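Novice: Given the sequences, and given the hints that come with them, work out the whole structure.
Going line by line, the protein sequences match chains W and G. Taken in order, the first sequence gives residues 8 to 436; the numbers are from the numbering used here. Taken in order, the second sequence gives residues 2 to 267; the numbers are from the numbering used here.
Derived by calculation from the structure, the hints in this document are not laboratory data. Do not take every clue at face value.
[Claimed, not checked] In silico DSS-like links for lysine-lysine, alpha-carbon gap of 30 Å or less:
| hint | chain 1 | residue 1 | chain 2 | residue 2 |
| --- | --- | --- | --- | --- |
| 1 | W | LYS372 | G | LYS166 |
| 2 | W | LYS226 | G | LYS206 |
| 3 | G | LYS166 | W | LYS422 |
| 4 | G | LYS161 | W | LYS419 |
| 5 | G | LYS153 | W | LYS419 |
| 6 | W | LYS156 | W | LYS372 |
| 7 | W | LYS419 | W | LYS226 |
| 8 | W | LYS419 | W | LYS162 |
| 9 | W | LYS162 | W | LYS372 |
| 10 | G | LYS153 | W | LYS156 |
| 11 | G | LYS166 | G | LYS153 |
| 12 | W | LYS162 | W | LYS422 |
| 13 | G | LYS206 | W | LYS372 |
Just so we're clear, the structure is a prediction, and the values are computed from it rather than from any experiment.
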Amino acid sequence: MPSAQHNDSNNGRAPIWVPPWRYAEGWLISLGLLMVGFALQWTGGGLNPGALAWPVNLYVALIFSGLLAAAYLFARDIPFIAWLGRVPAAICAITLITFLVLIMGLVLQDDEVAAPWVRRLGLSSMTNSWPFLFAMFFFLAALGMATMKRLVPFKAGNFGFLLNHLGLYVAVLAGLMGSADVERLLMELREGEVVWHASDADGHVYEMPLAMELIRFEKEEYHPKAALIETESQRIVPDSVMDLFEIHTGITGSLMEWEIEVHRFLPLAMPMVDRYEPVMDSGSGPAALVTATHRETGEQREGWITCGSFAFPHQLLALDDERSLAMTVPRASAYRSQVILYTPGRDAEQIVIEVNSPYAVDGWKLYQYSYDDRFGRWSRTSIIELIRDPWLPAVYTGIFMMMAGAVYLMFKGRKPDAPNGGGGRHAAV
Amino acid sequence: MLPFDPANYTIAAMACWFIGLALFAAGRRRAMARVAAHGFYLAGILVLAVLAAQLWQAMDRAPMRTLGETRLWYGMFLPLIGYAVYLRWGYAWMLYYAALVAAVFLGINLLHPDNYDRDLMPALQSPWFVPHVIVYIFAYAVLAASAIVAVKGLILHYVKRDELKELHLADNLVYIGFAFLTLGLLFGALWGKEAWGHYWTWDPKETWAFLTWIVYLAYMHHRIQRSSRVVSSLWILSLAFVVLLVCWYGVNYLPSAANSVHTYAR
Ligand code: HEM
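Specialist: Set out below in structure tokens:
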């Protein structure tokens, strides 16, 4: 634990590079990292995200962490090492990261048409740039050293501190190292076809250790709504926007001066000469038989309305010369694929892959990714994304430690400032 | 259509809070009044819990699908978190503040009852959605309070030529707010993994959420070492809130947000 003499408030203007190092040294180091980073980026181009693939990333993680530990255990008197584990280094590292992420937050990323100098400096591909990599390692080094200081010797009072700092260290290191091992592939399924191969973003095709066959793609929809539109522009009458109502059999509603009564709602129907009949087949869509009554004149209009589908056009009910009653296109409530999954050495099994609930198998997670939106709910293809992230357990370990640390933080709070200005350094968190 | 009117419950809950808070304000010294105050405050939350249960039964599904329904959960949990913070830290104003923010959300439901059936898109129908948003709202509310302290301190310094003696209140608010901010960020990461396949994609919204988080982190660490430098701390605290506001409102107007990935199949 640093003694009070390290506290910069005691000696504000110390000569630079004389131990103990503080902020001046920290800003210079940060500036140096930025300059070297941008120089490398300018001359040699960005990083190859694939360079840190397994097992190189494991070695880098172990060696980096090992170096930090060894430096702390055997060389903590070196000014640089002592400095790395204290708050000035932490503030400089945090500021450096903030600066680069701020650029990322202002400049459109992955922008093909960004100005040449922006691209050459890596500003539009920040996460694959040298300065970002340097800043991350500086950040991790400061964080890791601060963690080591409280880890050895271990004290129960440092538990909250360790949950936060070690948790963040583990999560960030594992996330950074693991990103090269993340595999994201797309498998395009067609009804009744067994598919073994998947392709990545660059179009490379891989044979997979699992196969899938689409039984059926399902899209569920909320009920459509009744809307008053201007016939010519087909736009919703602005004053009626708040009054749109969901169409159900037997429901009544009012849109401006018209009272609407829904006699019959067919979620899936097809046109038959002058009416609609329930049909549960490719191309069918919702339709409703309605009556509209003018509140003052008592005029009545009766007829079918539908938003149509890819197989038949929409139909309006004209109310007067300008306005019509329309049915909105229903919004999706769920997308899912019924799939047969084939894995080596196991029986085929039928599974469901739905938005927000991916299916996990053999280290892969299967996500509902897309479908043929020309056909909506009648799409006969479904695109499944397969993602493998072997470092996920490590990242989650860090995340759960930080969650526990956050709870600790909110209950412990911060100790009041010590009278000597030394701050809450010895507080429990 | 529901067999009962959610508005009655909402109004009852707000009335409970109003009575409870009035008793808090008036009856500080009377034990009976204090007990009644706590009782009314919690009763307000309970009324909303009953409403949620009723909705659940009537609709035969978790009432977490529409915007109006999610607002009901905010209105229920914000005062609950505020109450917990009050019990732990004794900040009585937290009760008023939490109830006020909750009342705003519930008020929107009262003004637009149709919100109860405005639908949520599939990617938002996740068990993570409500906790993620609730902890963020609470974090923002608490951090807004810390920004008020910052502005007050800066005015004292530059206008009145006087100093805030200590930042204990601001520090505690930041610790509490930061803890919730961290939870919001992490819940978002876990949800992102389930919904979009990755826990962190540096989407503009995520980038700004991270910036908000890290500027508050800078404040906390600046305070640890330089607790005597009140003015620079106040500036960092104000800056942090500006970044928070950009994250909340501004992101969509930034050039970097031209292709946000947080949409599902349009
Ligand atoms: C989840 C994120 C973080 C939280 C919640 C957090 C919280 C804290 C708290 C509450 C303290 C005061 C501890 C005490 O006085 O006992 C502290 C100290 C410290 N933190 Fe952090 N911190 C976080 C991230 C970081 C990062 C990213 C760094 C470095 C880059 C860092 C470096 C330090 C250092 C050097 C100290 C002083 C330790 C000492 O004097 O022993 N922290 N942190």
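Novice: Could you tell me which of the numbered hints above are not met by this structure, giving the numbers in increasing order?
Specialist: Violated hints (numbers, rising): 1, 4, 6, 7, 9, 10; every other hint is consistent with the structure.
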